[in-house]
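Following the hints, position chain B against chain A.
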Amino acid sequence: MQEFTTLTGIAAPLPLINVDTDMIIPKQFLKTIKRSGLGVNLFDEMRYDDHGNEIPDFVLNKPQYREAEILVAGDNFGCGSSREHAPWALLDFGIRCVIAPSYADIFYNNCFKNGILPIALPQEQVDVLMKDAEKGANARISVDLEAQTVTSSDGEVFSFEVDAFKKHCLLNGLDDIGLTMEKAASIDAFEAQAAQARPWV
Amino acid sequence: MSPKTLYDKIWDAHVAHEAEDGTSLLYIDRHLVHEVTSPQAFEGLRMTGRTVRAPDKTIAVPDHNVPTTAGRENPENMTEDSRIQVAALDKNAKDFGIHYYPVSDIRQGIVHIVGPEQGWTLPGMTVVCGDSHTATHGAFGALAHGIGTSEVEHVLATQTLIQKKSKNMKVEITGQLRPGVTAKDITLSVIGETGTAGGTGYVIEYCGEAIRSLSMEGRMTVCNMAIEGGARAGLIAPDEKTFEYVKGRPHAPKGAQWDAAMAWWKTLYSDDDAHWDKVVTIKGEDIAPVVTWGTSPEDVLPITGVVPDPASFEGGKVEAAKRSLDYMGLTPGTPLSEVTIDTVFIGSCTNGRIEDLRAAAEIVKGKKIKDGLRAMVVPGSGLVRLQAEEEGLADIFKEAGFEWRLAGCSMCLAMNPDQLAPGERCAATSNRNFEGRQGRGGRTHLMSPAMAAAAAVTGRLTDVRELM
Numbered sequence: 001m002q003e004f005t006t007l008t009g010i011a012a013p014l015p016l017i018n019v020d021t022d023m024i025i026p027k028q029f030l031k032t033i034k035r036s037g038l039g040v041n042l043f044d045e046m047r048y049d050d051h052g053n054e055i056p057d058f059v060l061n062k063p064q065y066r067e068a069e070i071l072v073a074g075d076n077f078g079c080g081s082s083r084e085h086a087p088w089a090l091l092d093f094g095i096r097c098v099i100a101p102s103y104a105d106i107f108y109n110n111c112f113k114n115g116i117l118p119i120a121l122p123q124e125q126v127d128v129l130m131k132d133a134e135k136g137a138n139a140r141i142s143v144d145l146e147a148q149t150v151t152s153s154d155g156e157v158f159s160f161e162v163d164a165f166k167k168h169c170l171l172n173g174l175d176d177i178g179l180t181m182e183k184a185a186s187i188d189a190f191e192a193q194a195a196q197a198r199p200w201v
Numbered sequence: 001m002s003p004k005t006l007y008d009k010i011w012d013a014h015v016a017h018e019a020e021d022g023t024s025l026l027y028i029d030r031h032l033v034h035e036v037t038s039p040q041a042f043e044g045l046r047m048t049g050r051t052v053r054a055p056d057k058t059i060a061v062p063d064h065n066v067p068t069t070a071g072r073e074n075p076e077n078m079t080e081d082s083r084i085q086v087a088a089l090d091k092n093a094k095d096f097g098i099h100y101y102p103v104s105d106i107r108q109g110i111v112h113i114v115g116p117e118q119g120w121t122l123p124g125m126t127v128v129c130g131d132s133h134t135a136t137h138g139a140f141g142a143l144a145h146g147i148g149t150s151e152v153e154h155v156l157a158t159q160t161l162i163q164k165k166s167k168n169m170k171v172e173i174t175g176q177l178r179p180g181v182t183a184k185d186i187t188l189s190v191i192g193e194t195g196t197a198g199g200t201g202y203v204i205e206y207c208g209e210a211i212r213s214l215s216m217e218g219r220m221t222v223c224n225m226a227i228e229g230g231a232r233a234g235l236i237a238p239d240e241k242t243f244e245y246v247k248g249r250p251h252a253p254k255g256a257q258w259d260a261a262m263a264w265w266k267t268l269y270s271d272d273d274a275h276w277d278k279v280v281t282i283k284g285e286d287i288a289p290v291v292t293w294g295t296s297p298e299d300v301l302p303i304t305g306v307v308p309d310p311a312s313f314e315g316g317k318v319e320a321a322k323r324s325l326d327y328m329g330l331t332p333g334t335p336l337s338e339v340t341i342d343t344v345f346i347g348s349c350t351n352g353r354i355e356d357l358r359a360a361a362e363i364v365k366g367k368k369i370k371d372g373l374r375a376m377v378v379p380g381s382g383l384v385r386l387q388a389e390e391e392g393l394a395d396i397f398k399e400a401g402f403e404w405r406l407a408g409c410s411m412c413l414a415m416n417p418d419q420l421a422p423g424e425r426c427a428a429t430s431n432r433n434f435e436g437r438q439g440r441g442g443r444t445h446l447m448s449p450a451m452a453a454a455a456a457v458t459g460r461l462t463d464v465r466e467l468m
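Protein sequence lines, in the order shown, are assigned to chains A and B.
Just so you know, we're using this note's numbering here: the first sequence kicks off at 1 and counts up by one.
Just so you know, we're using this note's numbering here: the second sequence kicks off at 1 and counts up by one.
Okay, chain A solo, but in the shape it has when bound:
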C-alpha cells in the first residue's frame, strides 16, 4: 500500500449528502477480478450519459477538476454496499483524500486499507473547504497526516482526529496482514482455548 504523509492538491467539490458506493462505482464494474482500472468508471452514472459521453456539468469532467486529488463531500459519504471497488475507483482516478462531515463505517475502513485518507470535520469547516474547492484549480488544499491538519488555500488550518493505529499504518504504508501475523501466537492460543470452550464452532 502506498503511504500517505502530506498532500497538496486540487479539491473537487461534491456537495451531496449520502453519496453511496453504488454512485461511486456502479455494479456493472464490479465484475472485475483486479483492483486496478476502475478510475475511468468512478461516478459513472453521474459522469457519463446513456451513450457514454461525458456530462460536462459533472464536477470531475470540468477542466479545472480533472486532476483533483481531494474530494470534498456531504454527510454519510460512502454509505451502502461494502464494495472496496469504491476506494479502488477513487484511488485509480487519483483521489487520495476525502473530506466530509461523516462516513459510513465500512467505506471508512476500506479507505485506510488502500492509502486513502478519509478526513471527518465538522459541517461548518467542511462548508469552508467546499467553498474553497469551488474556486477551482488555483485553490489548493493541503493535508498533513502527521500533524493531523487540513489547510485551506487561504491558510486557514483545521485539525482532524484519526485513530492512532490507522494513522501509523497509513503513514508507513503498512500491510496489516503482516502486522497481524506477528501476533500468531495470540491467535493460536485463542483458538486452542475457544476449541475447548465452544467445541461446536
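One or more of the hints may lead you astray.
[Said to hold, decoys possible] Have a look at the derived ranges for each label pair, beta carbon to beta carbon:
hint: 1; chain 1: A; residue 1: Lys62; chain 2: B; residue 2: Val279; range: 39 to 49 angstroms
hint: 2; chain 1: A; residue 1: Ser153; chain 2: B; residue 2: Arg83; range: 46 to 56 angstroms
hint: 3; chain 1: A; residue 1: Lys62; chain 2: B; residue 2: Glu362; range: 52 to 62 angstroms
hint: 4; chain 1: A; residue 1: Pro63; chain 2: B; residue 2: Pro422; range: 20 to 30 angstroms
hint: 5; chain 1: A; residue 1: Asp49; chain 2: B; residue 2: Phe313; range: 26 to 36 angstroms
hint: 6; chain 1: A; residue 1: Thr6; chain 2: B; residue 2: Asp239; range: 52 to 62 angstroms
hint: 7; chain 1: B; residue 1: Gly22; chain 2: A; residue 2: Asp144; range: 22 to 32 angstroms
hint: 8; chain 1: A; residue 1: Glu67; chain 2: B; residue 2: Gln176; range: 51 to 61 angstroms
hint: 9; chain 1: A; residue 1: Lys62; chain 2: B; residue 2: Asn74; range: 39 to 49 angstroms
hint: 10; chain 1: B; residue 1: Val15; chain 2: A; residue 2: Gly52; range: 47 to 57 angstroms
hint: 11; chain 1: B; residue 1: Val279; chain 2: A; residue 2: Pro63; range: 45 to 55 angstroms
Keep in mind the hints are simulated off the structure, nothing from the lab.
For glycine and all other residues, C-beta sits at the position ideal for the given N, C-alpha and C.
Coordinates of chain B only, in the frame set by chain A:
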C-alpha cells in the same frame, strides 16, 4: 461483574489480542464468501504465498452474478465477465479447500440465506462476509457484519479482524404490530426515524415484544437492514424460536455438543442494567405499512402518505430530496397510492425466504397481476424454491402471471441480467433504492413482500390492507 450487553458478551468471547489503545484482533467463527468481493483477496494470498487459516470455517457460494433463468449451469449462458468471476470462485474454493455450494447445487442461494439455512450461523458467533448485508445473521444473536475485500483477505489469512469496539444502541419495538404490518415495515420505519447514519459507530440490538413476536425469518429481515441504518451490525438475543430454528440443521451441533452450546446460548442476552449509549423506542402499533419515495432508504413514509415537498426538510436533505424526486420522477403532494409501477421484484437477502413468499402468495392467490406489468419472484435459495414449489406457492405465482426464477441476488443489485430499464419503476422487496441500483435510471420503491404483491395486482403502490 459489571452488567453487559449482548454485544459486549459476544465481543469479549472473541478478543484474541487487545492492544493498549483498544485495537483488537477479533476472532472470526464463520467467514462467508461470494464471487464479487473475493477474487482480489484470494489473488492477494497467492501473491504473498499465504494460505486460508481455517478453511473449515470458510463457506463460499456464488450469488450476485448468477442468472436466475433455466440453463444457467452451462457457463455459456453467462456473460463473459460474470463467467470469469464465478469460475474464479469455483477455482479458489477448490484450491484453498473451503466449503462450497456451486450453482448446480440445490443448496446454492444468496449467501445470507444459505448460511442460516445450513446451520453455519449459530448464536454467539462472529460472522463476516464481504457484503454489507451480513448484518442478517445478527437475527441469531451472532455478531455479523460486512467487510471490504482487504479485510476478506485479512480474515482468510489470519481468521481475525482488526477492530475497535462499537458503541451499544438499543432499538426497542414495544407492543404488537397491526394487521398488514411486517418485519420489513419495522426495519424501514426504524431507518425512517433514525436516518441512514443514525447507527454509525454502533451495534444495534433490536428488542421488545414486537421483535420477540417475529419469526426467525422476520428477525433476519430486521437485522438485514441494520446496515441501511448505518450500524456495523444488528443483533437480536436468541430465544426458543432461535434454538428451534437451528436445531437439526446440517451444521448445527448435535448430541452432547448441542447441550453444551445451549448452556452458553442461554446466557446470550443483555443484562437488565447494561449501559446503552443510545436508545430508540417505537411503539409497534404506530408502525404502518410503508414504502420509500426517494433514493435513500431513510426516505420512508406510510403508504397513506403523499410525496413530500423538499422544502419541508432541513440542511443538505433539501437538495438531496430535490435530486431524489427528480430522479424518481415524482411530484410533491402526489398520494403515494397513485404512483403506478412497471415491475415487481420479490426476493433478495432481505425478503427471499419462505415466509416472505408465503406472505406474497397469500395476497396474489386467485388474482392476476396488472396487465403489462413485469413481475418476478426470485427465491433466496434452491431449498426455499423447492419448499415453495412443494407448498404450491410457485403455482400461485405462476398462475397470477409472475415469473418463477432460480435463486440468486438478481434484481436487488442487478449484476445479472435482471435489471430495470431507464425510467422503469419497480416495487421491490430488496434493501436499497439508490440511484441506478436496479439498473441505470431505474426507480425503486422498497416495501414488504405483501405490499409488493399488492402492487403487482393493482399496478400501483397499494395499501395491502385494502386487499386483505
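So, going through the hints one by one against the coordinates:
{"no.": "1", "hint": "Lys62(A) <-> Val279(B): 39 to 49 angstroms", "result": "46 angstroms, holds"}
{"no.": "2", "hint": "Ser153(A) <-> Arg83(B): 46 to 56 angstroms", "result": "49 angstroms, holds"}
{"no.": "3", "hint": "Lys62(A) <-> Glu362(B): 52 to 62 angstroms", "result": "53 angstroms, holds"}
{"no.": "4", "hint": "Pro63(A) <-> Pro422(B): 20 to 30 angstroms", "result": "28 angstroms, holds"}
{"no.": "5", "hint": "Asp49(A) <-> Phe313(B): 26 to 36 angstroms", "result": "29 angstroms, holds"}
{"no.": "6", "hint": "Thr6(A) <-> Asp239(B): 52 to 62 angstroms", "result": "54 angstroms, holds"}
{"no.": "7", "hint": "Gly22(B) <-> Asp144(A): 22 to 32 angstroms", "result": "25 angstroms, holds"}
{"no.": "8", "hint": "Glu67(A) <-> Gln176(B): 51 to 61 angstroms", "result": "59 angstroms, holds"}
{"no.": "9", "hint": "Lys62(A) <-> Asn74(B): 39 to 49 angstroms", "result": "47 angstroms, holds"}
{"no.": "10", "hint": "Val15(B) <-> Gly52(A): 47 to 57 angstroms", "result": "50 angstroms, holds"}
{"no.": "11", "hint": "Val279(B) <-> Pro63(A): 45 to 55 angstroms", "result": "51 angstroms, holds"}
Violated hints for the displayed structure: none, as all numbered hints are satisfied.
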